[in-house]
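For chain A, the structure is supplied; the task is to place chain B on it using the hints.
So the sequences go chain by chain: A and B. First residue of the first sequence? That's 0 in numbering that gives the first Met the number 0, and the numbers climb one at a time after it. First residue of the second sequence? That's 0 in numbering that gives the first Met the number 0, and the numbers climb one at a time after it.
Check before you lean on any hint, since a few could be wrong.
What the hints assert, rightly or not - Here are the computed lysine to any residue pairs in the SDA-like style, where the Cα-Cα straight-line distance is at most 25 Å: (1) B/K205 to B/A172; (2) A/K5 to B/L249; (3) A/K5 to B/F204; (4) B/K146 to B/M88; (5) A/K5 to A/F79; (6) B/K146 to A/S97.
It should be emphasised that the hints constitute simulated quantities derived from the structure, not laboratory data.
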Amino acid sequence: MGRLLKAGVFIAAGVMLAGGIVYLFVERQPPPDYTEFHSDAAVLGSISHIFRLALRGNAAAIIQIGTLLMIATPVARVAFAAYAYLRSHDRMYVVISSIVLVLLLYGIFFGT
Amino acid sequence: MDGDEIGVTAPEFSALVLAGSFIAGGLGALTGLGGGVVIIPLLTLVFHVDLRYAIGASLISVIATSSGSAAAYVRDGYSNVRIGLFLEMATSLGAILGAAIAMLVPTHGLAILFGVVLLYSAFAAKPHDHIVMEKSGGAKSLATRFKLNGAFPSQTGQGWTHYSVVRVPLGFAIMLIAGILSGLLGIGSGAVKVLAMDQAMRIPFKVSTTTSNFMIGVTAAASAGIYLKRGYVDPGLAMPVMLGVLAGSLVGARMLMAASVSRLRLIFRTVILVLALEMIYNGATGRI
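One chain only, chain A, in its complex shape (with noise of 0.2 Å):
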């Protein structure tokens, strides 16, 4: 288990790694400026556009990708868990973990 997550890390790590070596060494964008927020950056917000730009190369795209399997990382913890008091049958507990997988998943697919 303790495996699964730190390999979950790592694979993350590695994603963004390779999407930035081709945000810095293929793509060679212009240093970005990021003494004033600019919200409308937020277009990579939403998580199907990520997929969509990812798979045509696009390096911040990929970065992100590894950012979302990073954030999956804890969820599939308290997944694997909850799985786990299932099999157990301590129904206490699948009642628990299930919460904060409600709301591990709200915050990530709903936040506004």
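Frame of chain A; chain B shown alone:
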């Protein structure tokens, strides 16, 4: 420092951020405060990154370090998954609430709040080592009802040391606040989580720190989606920050086991103090 002024290329900028994040991650691991509290001042004060981008990048790195290190502790038998999940109901809810209202709070306010939380995290009283045993007889406590009591491998090396948990509602309430802080500031709130578990619920030190470790990643994930949608997480920034902090925290955790920490702790506490005061000052004068 941005590209237009100095003529730094994107790879050079990323390398600088990577190096800084590495140091931040190492410092976070050595002080036990986590990467989040160091990386945000670093990004805002040194690189002049807008606080919102800094919070977004920090949150992702917090998930990385939490999931990267939590693994070992579950195997060792210290972290109590039930306590973690039970309290996560409060923390995740708090994280969503915190992220939701983060938009409404001006960044100067966030910077000041951040500095205060940083001060607390660095100088909070060290947890004592205590074991509470439940008294037999009498009504079933909330802890027993929710199966929160547990055991960890004995210091003697043989068998298990059992412990009970108390003041569950108080711990739950503090965890809600920890979650809100995490959602507002993009930090792990590890110190507040340990406060709830150690001081309020009297969970043994090693159990509370390891369980907190596992919870931090879950809490951060709850608000991460909201931050992503709002564009707080910029890929060009999050990438070097996450990679740097992750690498730094893994190295720092290794050093923690080898090095003599007490003198280093004093140095780090001073650094954190300076950072915290700078954040408060910059927030109060409107520079962040």
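Here is what the structure says about each hint:
Distance hint between B/K205 and B/A172 is fulfilled; the C-alpha atoms sit about 22 Å from each other, no more than 25 Å. For the hint linking A/K5 to B/L249, the alpha-carbon distance of about 12 Å falls within 25 Å, and the restraint holds. Only pairs whose Cα atoms come within 25 Å are accepted, and A/K5 paired with B/F204 is accepted, the gap being roughly 24 Å. With a C-alpha separation of about 15 Å, the suggested pairing of B/K146 with B/M88 holds against the 25 Å cut-off.
Restraint check for A/K5 and A/F79: the C-alpha separation of about 14 Å stays at or below 25 Å, so the hint holds. With a C-alpha separation of about 17 Å, the suggested pair B/K146 and A/S97 falls inside the 25 Å cut-off, and the hint holds.
Hint check: no violations occur; every hint is consistent with the structure.
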